[in-house]
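Read off the chains here:
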Amino acid sequence: MKQQVYKPASAFRLVTVMLALLSITLVLLWRAVDLHVVSKTFLQNQGDARYLRELPLAAHRGMITDRHGEPLAISTPVDSVWVNPSEFSAAQADWEKLANMLELDVQQIGKSIAQRSGKEFVYIKRHVAPALAARVMDLGIPGVSLQREYHRYYPMGEVASHVVGFTNIDDEGQEGLELAFDKWLSGEAGSQRVMRDRLGRIVKHVELLKKPQPGKDLALSIDRRLQYLAYRELKRAVMSNRAKSGSAVILDVKTGEVLAMVNQPAYNPNNRGNLQSHKMRNRAVTDVFEPGSTIKPFTVIAALQSGKYNANSLIDTSPGYYRVGHNTIRDIRNYGRINLTRIIQKSSNVGASKLSLSLEPETVWRVYDRLGFGMITSSGFPGEASGVLNPPANWRQIEQATMAFGYGMAITPLQLARAYAAVANQGIMKPVSFVRVEQPVRGERVIDADAAKVMVRMLETVTNEGGTGLRARVAGYRVAGKTGTVKKVMTDGYTSEKYISVFAGIAPASNPRFAMVVTVDEPTGEDYYGGQVAAPVFSRVMGGALRLFDIPPDNIEYDKTKLVLLHNAAAGEHP
Amino acid sequence: MKAEWLLIPLIVAVIASALGVVYSTHYSRKLFVELTELKQVRDELNVEWGQLQLEQSTWATHGRIEELARKKLNMKPLDYKQVIILKP
Chain A
3 MKQQVYKPAS
13 AFRLVTVMLA
23 LLSITLVLLW
33 RAVDLHVVSK
43 TFLQNQGDAR
53 YLRELPLAAH
63 RGMITDRHGE
73 PLAISTPVDS
83 VWVNPSEFSA
93 AQADWEKLAN
103 MLELDVQQIG
113 KSIAQRSGKE
123 FVYIKRHVAP
133 ALAARVMDLG
143 IPGVSLQREY
153 HRYYPMGEVA
163 SHVVGFTNID
173 DEGQEGLELA
183 FDKWLSGEAG
193 SQRVMRDRLG
203 RIVKHVELLK
213 KPQPGKDLAL
223 SIDRRLQYLA
233 YRELKRAVMS
243 NRAKSGSAVI
253 LDVKTGEVLA
263 MVNQPAYNPN
273 NRGNLQSHKM
283 RNRAVTDVFE
293 PGSTIKPFTV
303 IAALQSGKYN
313 ANSLIDTSPG
323 YYRVGHNTIR
333 DIRNYGRINL
343 TRIIQKSSNV
353 GASKLSLSLE
363 PETVWRVYDR
373 LGFGMITSSG
383 FPGEASGVLN
393 PPANWRQIEQ
403 ATMAFGYGMA
413 ITPLQLARAY
423 AAVANQGIMK
433 PVSFVRVEQP
443 VRGERVIDAD
453 AAKVMVRMLE
463 TVTNEGGTGL
473 RARVAGYRVA
483 GKTGTVKKVM
493 TDGYTSEKYI
503 SVFAGIAPAS
513 NPRFAMVVTV
523 DEPTGEDYYG
533 GQVAAPVFSR
543 VMGGALRLFD
553 IPPDNIEYDK
563 TKLVLLHNAA
573 AGEHP
Chain B
77 MKAEWLLIPL
87 IVAVIASALG
97 VVYSTHYSRK
107 LFVELTELKQ
117 VRDELNVEWG
127 QLQLEQSTWA
137 THGRIEELAR
147 KKLNMKPLDY
157 KQVIILKP
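These protein sequence lines are chains A and B, in that order. Under our numbering, the letters of the first sequence match residues 3 to 577, in that order. Under our numbering, the letters of the second sequence match residues 77 to 164, in that order.
You can trust all of the hints, since none of them are fake.
Derived DSSO-like pairs: lysine-lysine, alpha-carbon spacing no greater than 30 Å straight-line: (1) A:K127 x A:K99; (2) A:K218 x A:K185; (3) A:K212 x B:K106; (4) A:K99 x A:K121; (5) B:K152 x A:K237; (6) A:K218 x B:K115; (7) A:K281 x A:K237; (8) A:K256 x A:K348; (9) A:K237 x B:K157; (10) A:K348 x A:K310; (11) A:K113 x A:K127; (12) B:K115 x A:K185; (13) A:K281 x A:K185; (14) A:K206 x B:K106; (15) B:K115 x A:K127; (16) B:K115 x A:K212; (17) A:K356 x A:K310; (18) A:K42 x B:K106; (19) A:K246 x A:K281; (20) A:K213 x B:K106; (21) B:K115 x A:K206; (22) A:K489 x A:K281; (23) A:K237 x B:K147.
Note that these hints are calculated values from the structure, not bench results. Owing to the predicted nature of the structure, the values given are computational and were not obtained by experimental measurement.
All chains, please: the whole structure from these sequences, using the hints.
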């Protein structure tokens, strides 16, 4: 049997086949190495470019609210329409449609495109309502895109404009608390890298490139309703007295919070077309004035604290004027020998000057200084003025005498309100705050408790029969306060035509809660006394404040019987 | 002999785990899409809330309320003489 033995036809064929297979394998191997090692970065980048996207994470500016959470400034999203000029130029036929929709001038668009033809990004119109922006995109004009931005709205408008301030078009704080708390309010946009699928949906969160920091909300100490009331009454007073300007500040004496702060003239922060700097100033904080008679209580406090005087100590003010060097200090009439309480009630310049001159300059100065005159408050409000209080070392006699009734020093309405709040709070001054105070804050004792209590009683006589501030009364409440009628300094000295009418007061006198200062600058009507111009504003706003904060009346004795009768009558109707 | 018996379950296990990876990746993507959509809804609702707040405070402007109260409802601020104080 012949066995068939396999015999290779030729070694050549075998080698050829093996070489062919080997080379194919090598090619594949090389390709694999090429893809995985050599070109890896390039390919990875290309792949990523097709699937990975960097997306911005929006962070909008925090809301500003009043003390009850009612909005005072809100950011809402809007869209800004921008174009890529090179693409947009090709679609000139559509410009008309776009211009009509956005209420723009076609030629204007053409001009701005021509000017910036080299750029890739030109705003056509900023801050467009989202609905309109969507209609613009529906036109499908090449080169037109939207950018999400935030527009700031101020629902209170003029009423809270000075305190809240405003932002510019790029959402940065420019004025007021928007500027002071810009860091707190403004968010920082972040970005993330994501993977998208074929349909553009995000399928994987790859990494967070930058964490977005949304702006934080800010609750102010302002009470919206009280702010409005103060605004309305101040505006009315400034208009009816044909005054140049005015300010009003209300502080909570227990916490140091600013409950309302208004100025005239005001501006509408939602309409920035006609901003004028004189309307934009928050005069209650940035403008100083000579406080006049409203300083007398602090002069009297200096006297009380010296131990030399008490409320019944007598001062001789006759004959109604008092010569200091070459100058003469005058009262309206000759009050004769009067006690310290009457000096406050009648607002005697002679009495206050004599009191002050009987004390060391240092002693008087220390009282003014501890009350914070000449120093900015802790409010942090941008542009706050410190005022002027000269050091006692170089006080001349006449300076000390006039300072006793508020000339020769300059303070802001806020500083004056803070000083009255300290008197109201039994001598303890709380730091001024525009932000809602959650925890009770420690104050600083600036007046002896006894002197402060005596002073509240003295100030109460001002609104009682025979006082200068009758019109500051609030029905049902005991009000303590002081009027001031300040002659303004002009280039040629003090005039007798231009005045600032001031009223500073606290209520309810039995357990004070609020301190308020009203100033009206240059009233040109018939009235110009603080007790005629500023006191009625105080009365109406303070009355509203007491009602809004549910403060029980502390002066119901005088018509109690009637109240009981009314009570019975009402009860009779509803058995 | 023994090793071959072991191989079959191992292959099955590998395939199962591979399928498991595929499934869980798919599932996580699906959930992620859902999450993104929900986040978007949240953002949109936030925006709407802001707009509604704005609208509400615009309607509730004190000047407007006061005018409506005075003219339409014939309301007026309370006179202190009419106040009755009830002491508990």
